[in-house]
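Protein sequences, first through last, are from chains A, S and X.
Residues in the first sequence are numbered from 1 upward in steps of one, following the numbering used here.
Residues in the second sequence are numbered from 1 upward in steps of one, following the numbering used here.
Residues in the third sequence are numbered from 1 upward in steps of one, following the numbering used here.
Hints are supplied without guarantee of correctness; some may be wrong.
It does not matter which identical chain is meant; a pair holds if it fits inside one copy or across any two.
Capping the alpha-carbon separation at 20 Å, the derived lysine to aspartate or glutamate pairs in EDC-like fashion look like this [claimed, not checked]: (1) Lys369 x Glu292; (2) Lys80 x Asp213; (3) Lys141 x Asp418; (4) Lys78 x Glu233; (5) Lys369 x Asp418; (6) Lys389 x Asp57; (7) Lys421 x Asp236; (8) Lys141 x Asp57; (9) Lys141 x Glu97; (10) Lys80 x Asp207.
Calculated directly from the structure, the hints in this document are not laboratory data.
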Amino acid sequence: MTISRRTVLGTGLVLAAKPWRAIPNAAAAPASAQPAVARASSIVVPNGSVLPSTIRDGVRIFHLRAEELDHEIAPGLKIKAWGYNGSTPGPVIEAVEGERVRIYVTNALPERTSVHWHGLFVPHGMDGVAGLTQPPIEPGKTFRYEFVLDRAGTFMYHPHADEMTQIALGMMGMIVVHPRKQARERVRDFCLMSHEMSVHIGTARPDPLAMNDFNVLTFNGKAFPATAPLVAETGDRIRIRLANLGPMDHHPIHLHGHAFEVVATDGGPIPTSARILETTVLVPVGTTRTVEFVGKAGDWALHCHMTHHAMNQMGHDAANLVGVNTKGLDQRIARIAPGYMTMGTNGMSEMAHMQMEQPRNSISMVGGKGPHGVIDMGSMFTIVKVRDKLAGDGDPGWYQAPAGTTATEATADELSRDGIKVT
Amino acid sequence: MTISRRTVLGTGLVLAAKPWRAIPNAAAAPASAQPAVARASSIVVPNGSVLPSTIRDGVRIFHLRAEELDHEIAPGLKIKAWGYNGSTPGPVIEAVEGERVRIYVTNALPERTSVHWHGLFVPHGMDGVAGLTQPPIEPGKTFRYEFVLDRAGTFMYHPHADEMTQIALGMMGMIVVHPRKQARERVRDFCLMSHEMSVHIGTARPDPLAMNDFNVLTFNGKAFPATAPLVAETGDRIRIRLANLGPMDHHPIHLHGHAFEVVATDGGPIPTSARILETTVLVPVGTTRTVEFVGKAGDWALHCHMTHHAMNQMGHDAANLVGVNTKGLDQRIARIAPGYMTMGTNGMSEMAHMQMEQPRNSISMVGGKGPHGVIDMGSMFTIVKVRDKLAGDGDPGWYQAPAGTTATEATADELSRDGIKVT
Amino acid sequence: MTISRRTVLGTGLVLAAKPWRAIPNAAAAPASAQPAVARASSIVVPNGSVLPSTIRDGVRIFHLRAEELDHEIAPGLKIKAWGYNGSTPGPVIEAVEGERVRIYVTNALPERTSVHWHGLFVPHGMDGVAGLTQPPIEPGKTFRYEFVLDRAGTFMYHPHADEMTQIALGMMGMIVVHPRKQARERVRDFCLMSHEMSVHIGTARPDPLAMNDFNVLTFNGKAFPATAPLVAETGDRIRIRLANLGPMDHHPIHLHGHAFEVVATDGGPIPTSARILETTVLVPVGTTRTVEFVGKAGDWALHCHMTHHAMNQMGHDAANLVGVNTKGLDQRIARIAPGYMTMGTNGMSEMAHMQMEQPRNSISMVGGKGPHGVIDMGSMFTIVKVRDKLAGDGDPGWYQAPAGTTATEATADELSRDGIKVT
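Bound-form chain A, shown alone:
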């Protein structure tokens, strides 16, 4: 896959220096002169990429390849996923309102597929429901979709053939259609797509039959601590386009330190009169929610608030030993179950802090390195890093709080002065 220089796979984050508006002008040039990769993009896809396009006779042309691929959720856990052009979710399709697009879809999977353009208004025959609006794309075949993008917004693409399997294995992507008329205000514009999978410990294939017990939850295909931060400057308008294709859970995405306005769904922009402020937006399955806010300096957690969606694989199935005296238990159980190790008698935090031996191809329940020790989170957890002034486009490291503004241990004098008795 050809990767635009403005996007990043896996680590770090590159901010767009040039706005998207370069594209329509470029389209006026002779088609043969068009570059083979996308021009300057104004969106940022943490851990992901934008799908390259070319322009020919005024039509923007894309090529999606549905295929099996190896994907790393976080160091330690690799899965056999299905996706597009080497990644899950697939690259973001980016275009401008009013453009005609032609999207070729090659099926390199072992079974039929199709692509539905979720939220776009396309003719019946381009809607991508295999059996209903088109024949399925058989393995090895390439289909052509073509339509005009009649409105701006944040949309999605996914198969509409054997959805249970294909979505479960990772086939999904976002579509960003920019308005023809550019906003005057500069915006930090992020795309974040959630997913949930059940990857049984020691296996590499997400289980498409899982309905409830998801244990790997991701933003743009990555679980914390592998999620790249969202970087901005103090006072920037920050836009996050949240997308959820399920399969089963409506995710409440919470941002620390700010309230945001929900400004659009995949149905359209939300009029000012209908907007509400939230600190947690529920993103139902099969929807996008675009939120905007002005950044304040700090490192601000952004995560799904369902507690089991902010932790990784291990722990969901273990016995409840909180408060249990397990002295000697390991040895006794180990006689019948070699390698057994009790966990969590004082809660689970201790787990994140010990160097446990991980089962093959699995990741710790929680735990990323932070500036103040271990961060007890996993899966759908990432960080919005806002700095007064950014030096470059990369990860700015940890926030240095001004002196005296961090919670610390209270001194005996303070406790005494304020009449606090600690017992």
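On the provided structure of chain A, position chains S and X as indicated by the hints.
Below, chains S and X alone, put in the same frame as chain A:
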């Protein structure tokens, strides 16, 4: 049960030729002259019916009978359900704002019941909470509820006694109260109630203890491919009144090809200033959501976007064999488990396309016949069929897309012209 | 723990006689003259309490103690919970917009903790994410948080260290920040926080690993029939501040007999133009929803509409025997499983009405005593009791409906007059 001629059970769809407004005038005639069945209704209940009523002394009178019944979810799956007047969900109660209604409820179940009028403002004693606002209706007894409908909208009815069992087995229905002042614009007005059940393979009794593993999801009691389409003409204003009584899931209902406005909840109409556009509306348990949009020509999927809610019984519990070479596995397992058949090594789509021998009283995971082959969907999936001109009230068959507007295989010339390399 | 005289633990309900406005004036007095307990509060916390505070040099000072505690869910079920200051949820933190607060947090748990002030705008270092914004509070330590409350609203506090365990065991609380300018209208102002736990039958420790099968659902830590009612007078404006910290379910909270306006989230007030009426508000995990309505006389159910969230522990795991003839089954099974008793062959209501022998430390699936017999509900179910005139602050008992306004058995004459045939 007497069925109004304007409603349909099981297949097809009859559109109302006359508006609901006939009813208030009818009420002015002498009570003795009233017909025993409902007059022209302006709502359409796919796969369902409207509850007949009579008028006496200006009071609209209904009779609900809570009872066990045999119900077909889709050809191949029959269940022993509980419902009202022979169906699950029960018939839609339809009336006009300001009317006084008297509803008799006969309990033909083996246990106590009651009826709560969800969303209606009724006096405390008519609220239907057994034990709290009234004694329960014992088996064999008939109770009388009476109140004035003080506002228009879309509401629901269900038992408020042993809810876990009675709702799980199918006891629920919709209530449509039309505004006294009729809108000038013609509206195609559909009622669609969702439900979810756990019917273990080979059994016929929904399991009321199921909390998570629902495997039969329905619109108006039917699972795709048995769901009747919603039929309209191009340019029609289409209203869909979505209702959800659970028991446990908030359903994100997605419409293809259109964005709709959410215009009302069971709390009341949504003011214009507060309306937002969506392509997927989340309908939480215990709510109604009324959506409106203008139809475009085509066959447009309307479905719950949770992937396991758009598939039927089988498949949720099987082993994950995607990518596994199962050659010879069937024979080996068959020695210990006669009849065993592996499935889904290349995904699940193959399942929909083979003539599997189904277990007794069960339906395929997915699969309805479409114009372009098998439609890989089940359960909460139906089709909004919009035609430029309808010939009659029935199912218009499959949409014929204009030439050149359907996704098809790309030719070698096209691929070459557009610089697409298929590998 | 010192308890304000205006709050109530466990039973009954005390209404505030004096408004909250006393507090800012009090703050003007010399710090040394401040009382050690909170002054008159204008909020009511059914089954809960308000956290005492003192004022010193214009700073409002609180002290939270994170600790293990014994908690009664309802008579018959006691759990070993984790909470704050002796209760789960912890006491409500109440203050006024613009106030500077200093909150000491003592960790009396066996593992690290921290406190995140969900929805408040605090400096990065006060945000409470262990590892990211501060070091964790080690067992035995007391930390000091300090910040200014820059806006009014309903917020929450909870640990941001080993959330899965600490939230599952009960660590959470609400924060109410009153506007500086008091509203002219009197409001009955209630705080209600939901929680869900999995307490396996016969155990006392909530299982932090539970993801789906919650069997104890609570409002302010109590399951029906132990939930205290919300009491008001006819015509009162009633405000209910609903808060949900999960861990996993978005609760649809339904009120009978009224529609309410959703007036605020934890992000801020909802502008009038964006408000909608509902009878059921979905409260996603990690959010607050404040609703307001004018009370009508009666006893009105307020409950989660997910059927398994309005029932208690038993029943979720039993066999489905609805419609099964179990005659003789008990005796036969009892030979191999002593004490076995079949249940629910005619539905589950019969269970609520028999005097079953409960397993040790467990509560019936459903069942509270009502004025008309057993109320078949449990868990997240409570009652809003509205009376034309209240005699005092306590529970006013059951509502006496005016004669002729309660659903009752229909007489033979009525059935004959209205043409109803009961078969």
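Verification of the supplied hints:
Proximity of Lys369 and Glu292 under a CA criterion of 20 Å is satisfied in neither setting, with 28 Å inside one chain copy and 44 Å between copies. Taking identical chains as interchangeable, the C-alpha atoms of Lys80 and Asp213 lie at most 20 Å apart only when both belong to the same chain, with a minimum of 19 Å there against 26 Å between chains. When the C-alpha separation of Lys141 and Asp418 is checked against a cutoff of 20 Å, the pair qualifies only between copies, where the shortest distance is 16 Å, while the shortest distance within a copy is 74 Å. In this homomeric assembly, Lys78 and Glu233 never come within 20 Å of each other (Cα to Cα): the closest approach is 34 Å inside a single copy and 50 Å across copies.
Proximity of Lys369 to Asp418 under the C-alpha cut-off of 20 Å is found in neither arrangement, the shortest distances being 35 Å within a copy and 47 Å between copies. Proximity of Lys389 and Asp57 under a CA criterion of 20 Å is satisfied in neither setting, with 42 Å inside one chain copy and 36 Å between copies. Neither within a single protomer nor between protomers do Lys421 and Asp236 lie at most 20 Å apart by alpha-carbon distance, with minima of 44 Å and 41 Å respectively. Taking the closest pair of Cα atoms, Lys141 and Asp57 never come within 20 Å of each other, the shortest separation being 25 Å inside a single copy and 69 Å across copies.
Taking identical chains as interchangeable, the C-alpha atoms of Lys141 and Glu97 are never at most 20 Å apart, the minima being 29 Å within one chain and 57 Å between chains. For the identical chains of this complex, Lys80 and Asp207 are intra-copy neighbours only, at 11 Å inside a copy versus 32 Å across copies, given an alpha-carbon limit of 20 Å.
Checked against the numbered hints above, the structure violates hints 1, 4, 5, 6, 7, 8 and 9; every other hint is satisfied.
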